Amino acid sequence: MAMAETTDNEPTKSVTDYLKAHLREYGLLFALIAIMVFFQIMTQGTLLRAVNITNLLLQNSYIIIMALGMLIVIVSGNIDLSVGSVMGFVGALAAVMIVNHEIPILVAIAICIVCGGLIGAAQGYWVAYWKIPSFIVTLAGMLVFRGLSLLLLEGQSVGPFPREFQVIANGFVPDAFPAAIGQSLAPLFGARQVNVLALGTGIVAAAIILWIGMRKRARNRAYGIMDEPRSFFIARNAIVGVALIFIMYKLSTFRGLPNVLITMGVLTIIYAFLTEKTVLGRRVYALGGNQKAAKLSGIKTERLTFLAFVNMGILAAIAGLVFAARLNTATPKAGFALELDVIAAVFIGGASMSGGVGKIVGAVVGAFLMGVLNNGMSIMGIGIDYQQMIKGLVLLAAVIFDVYNKNKQG
Amino acid sequence: MSALLEMRSITKTFPGVKALDEVELTVREGEIHALVGENGAGKSTLMKVLSGVYPAGSYDGEIHYDGQLAQFRDIADSERQGIIIIHQELALVPLLSIAENLFLGNEQARGGIINWQSTFQQTEKLLRKVGLKEAPSTLVDKLGVGKQQLVEIAKALSKEVRLLILDEPTAALSESDSQALLDLMLELKAEGVTCIIISHKLNEVRRVADSVTVIRDGTTVSTMDAKAQPITEAAIVRDMVGRDMAHRYPERERRAGDMLMEVSNWNVWHPEHSDRQVIRDATYNVRAGEVVGIAGLMGAGRTELAMSLFGKSYGRNISGEVRIRGQKADVSDVPKAIAAGLAYVTEDRKSLGLILEETIQRNVTLANLPGVSSAGILNENEETEVSERYRKAMNIRTPSVFQRVMNLSGGNQQKVVLSKWLFAQPDVLILDEPTRGIDVGAKFEIYGIINDLSAQGKGVLMISSEMPELLGMCDRIYVMNEGALVGELSAKDASQERIMSLIVTE
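So the protein lines, in turn, are chains A and B. This note's numbering puts the first sequence at residues 1 to 410. This note's numbering puts the second sequence at residues 1001 to 1506.
If we strip away everything but chain A, and leave its shape as in the complex, we get (with noise of 0.2 Å):
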């Protein structure tokens, strides 16, 4: 009897379960909608004028690319605290360096990547090789690295930083179009002017999500997974293209594509590549999920969490070169509590403390909720206090559900 059930209502059960399976991914990206929704209203519509979004995306980018980093700490298992006081250090770095010793920049930039390797490697060494937890060892290089800033800096800010540099974080892509298309175009959509090399990027960039997406639906198909059902797969790929489109158009019609975006988009399709199509990748998340497994299936578990902390050192690097770029100056206080930003996108987005569990496009995405949370709440003129505790409880819930979950289907 139930047997029989249970196959007259096949579809409509596959649904419920593939959404019961899939729920954190679907909540994720409702929160994110409505979040933007809800700030869209109070805030009048501000947050997504132009000049805004650039803004948001400019403030984000630094926690971005250090998620990109910590979302593979926290897979393999581990805890990075020192990135906000690296990112600092490295900033501070390349102030001294730039400003005060008039070292050519790509030069300074180059010390100051490898410098930040070498800060991975040295806290990767004590928790790949002596077992030291990682949290004791990061919380050790918050502390040192937050006072080599102090003592580089002697105390003081160190800028401005000549105009080549500030391109990295202020800079804007050119458009690569004559510029008559653009202008051609601008009528239509009412605006002064259109960058086209922008929308035409977020009109390309929707269409290879969408190519790609529906590869992979061909590929379920032929291997029988449960595949997400048509309605929503057509749902999702048309609020995403769409909103790509649509920020992609906003920029066109201000200053085109900020430089920084060009850095964070290449940064994060380099690792969601590298996190789900490699063997490097799919051992890290072999090693979050069972060490000693991992490790008796002949992974070489300790230099794969070393280079996960040389990788975090690498990120936090170039995210201090774009702080530093951005705000035009070095300060002791720069990247103070950064960290903590970093880890709560990595856990908004899906992560698993204990390891093995978690994307790359979720550690962006949850970036991008708390950047939006910041954004439009400072534009509320919401106090610094409340903002605290709000970002504090939205980490909570997101966990909470999780846990939820979990529970529900195990």
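Please keep in mind that the hints were generated in silico from the structure rather than gathered at the bench. Note that the structure is predicted; figures quoted are calculated from it, not measured. Mixed in with the good hints, there may be bad ones.
[Claimed, not checked] Once the Cα atoms are required to be at most 30 Å apart in a straight line, the calculated DSSO-like pairs of lysine-lysine come out as: (1) A:K20 to B:K1392; (2) B:K1336 to A:K300; (3) B:K1125 to A:K295.
Dock chain B against the given chain A, drawing on the hints supplied.
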């Protein structure tokens, strides 16, 4: 004797699965009732229904306990009624003492202040009752699994137990510890404690049980009463698997080929106590197509022998020589050992063999990711095809390879581990307790897989605590005692008695 417990048409469904389908179970007061069935048959689910883990209302059917309809809301509720369950995974706090563990949650306290004197006195009384000669202040950490099991039982006794449920109590115990535990069960019975024992070891079931209920695929197949007629293992097995199993070990054509692996003068010291030698001068070999057994008691050093060989995963100051096909092989870390052609199926599949959160597919390919990738980039289609192939070949019972491993039964999990290592294309497989905690049907399938491997010319080194299994499967058996190989027997010379005498005479 009247019935203490009657479970009537218990039905429990999970999303998409009917775990229990009108199960009937009647347990008489003062008897030892064995609950047997293959892994995944529904025994544990039934016990969870009974103990209130699945509260009243979440299942259909009725539980009558002590003449009354019982509707337990949670475990505490059923414990108050004297129903106590001891799980396979022991629930003791390792860094607390025996006394503290015994009264955990039931502290001998007044106004929140613990009365240590009474705690220790009562602990001593309880320990005497279960025959455990340890001081109440001993940390549980320092006890072996067998003694920990006794502590659990003492804990149950401290709560005035009427119905004691033991879930595979002897799975991790040595032969002598198992016997002691079974004796204790009989003593408790004499004192009027009713007992339900879940076990795969049919000889033990036959020894202690007054009645046996067999569960298969979520339904009650039969209940046998030892008083009516003696219970035979064959009858139990027939009901468990739904067919007669004339041979518990599948036939294999025995032919040893060329020398595959030779290990000589293998010495290993303890990783923490550097003055303790764990393996002494072990010299052994495996030929192509051979199944070689290693027999020995718990703590003889069998797992240490295997793990130290497999990429020095255990011990320190390891010395000795390994030759594979006559060539000296470097097995100094796991990747090198795998490259040299070794594979090690661990005895502890959950914590050392599998990534439980991950899918079957991702577990199967884990030891040989280069085999499903090019230039470091995974080919997911190939990965799915490979794991599908093993799912079919190994008969892993699951709708798809995208199921998480934690949702599989023990036997199916073991097949996933075996798949993982077969895909790594080894020459020699070391199987450490390959059928531990696995039901009869799945055991038979695993024996079949081992025979296939030997037919393909692979060498198999099999460690097992179950002597009948070694005698049934192996061409040769090494006997191990206190870190040394003390004897070697060919299949036709070997018997349980000879193995035991080699161990004790040494």
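TODO: For the pair supplied as a hint, A:K20 and B:K1392, confirm whether the alpha-carbon distance does not exceed 30 Å.
DONE: 28 Å, holds
Task: Restraint status (C-alpha distance of B:K1336 to A:K300 at most 30 Å) - done: 11 Å, holds
Task: Restraint status (C-alpha distance of B:K1125 to A:K295 at most 30 Å) - done: Violated, at roughly 45 Å.
Consistency note: the structure conflicts with earlier hint 3 alone.
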